[in-house]
Amino acid sequence: MNELCIDVGYKSINKHGEQLCGDMVQIIKTPESTVLVLADGLGSGVKANILSTLTSKIISTMIAEKMDIEDCVNTVISTLPVCKVRGVAYSTFTIIKITDNEYADIIQYDNPQVILLRDGKNYEYAVNQRTIAGKTILESRVQLLENDVFIAMSDGAIYAGVGDLMNYGWQRDNIVEYAENRYDSEKTAQAIATDIDDACNDLYMNMPGDDTTVAALKVRKRRVVNLLFGPPSNPKDVSKMMTMFFAKQGEHIVSGGTTSTLTSEFLGKKMETSIDYIDPKIPPIAKIEGVDLVTEGVLTINGVLEYVRDYAGENKLYQEWHTKRDGASLITVKLIDVATDINFYVGRAVNPAHQNPNLPIGFNIKMQLVEDLSKTLRELGKNINVSYF
Amino acid sequence: MKVTICIGSSCHLKGSRQIIEELQNLVKENNLTEKVELCGAFCMKNCTNGVSVTVDDKLFSVSPETAKSFFNSEILSKVN
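Protein chains in written order, with the numbering used here: chain A, 1 to 389; chain B, 390 to 469.
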């Protein structure tokens, strides 16, 4: 293992009028590998959905268990139900398997070829062909470098705009060019995938002619963000909690009025609080030398949870928290874009003035926020540590 | 004269933002920007009686409704 880590994200849009997607993405993480499988089932709707679900599930499970690609393909072929209309069982697939964060194996069958961006530029990797059970499979192995971005897609992506906006649709070359132009080393895999998939949807004029899926996998350095939230239940533990918090490498965020006052006393540095309201719901931020970000507590963290949940789901507020500079947006950027590992230092002191049923800032609400936030961040693939004081 | 308004969680919910806006406007209208410095603070340990405001270290409890009379009695009349 090295200090790199793998960030994965994807987005699918359904063919216009379909309730189910015929494309399926499976991601399996084990201690030594990350496996991404993107399968595109023949046709659309239920039938395609079943084919791609079976294909991606079987392959991702088998590959993660270190079985041979030949066995996987043979298993898929003998398992898939045969389509009555077309007389074939068929689902195309792309597999990207990262081992020890050191190299990637790319195995491709009939999907548009995986794009690799190295430092933001298209990188042509070597491809070997081989035939398994009568199917031509493309295989490659690539040594990883920091900031490598792999982009896999279903053929809906390269058919976007065919006949409508463009004669021949959006070719792979155009997607390469688009991805290069939109490259930003700070962008997450989810942001990259969403960006391209949304562009396809635009070319389809919001009425996709086919299921369209884009998955991205990004190689990045591990980065730690530490967040201090609330004073300890026993006032004697303040200096212990602060010492442990500031001993951690990475960035430091302090959340909470009393908490930041204690921090400023502990560090012996003055706190400067601003009165600029950027978002009327979120109190202004403050500054303490030696701390990367100082915010109010429960209301701000509540805003963060809203943004993080949206990011894990519909991702409608992405632009909002990337442009606004209030406490909640700033923390969200740190947790989503910057951090791979997050340490929460949560103090369990009860502020009697907050235990008012009319105020949405009571102790239970605070603890629930921490739980919900760490759960959602874990689902997004972050390494989360929570310590209570 | 230094006027500090608490913007901690509890005071925020009781209307810090409206009070800050009101005071900012009043300070401007009365041409006091040179003489009165408005600033924020996290938690003055007086959460139950928020919104907490200090004028040169003397503590007051203000609400959005009383902001104007507070300005007249504690700032405008004393600043000169």
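Because the hints were derived from the structure by calculation, they are not lab data.
A couple of the hints might just be wrong.
[To be verified] One side only, chain A facing chain B, incomplete, derived with CB under 10 Å:
1) G256
2) E272
3) L305
All residues carry an ideal CB built from backbone N, CA and C; glycine is no exception.
Those earlier numbered hints the structure runs against, lowest number first: Hint check: 3 fails alone, others pass.
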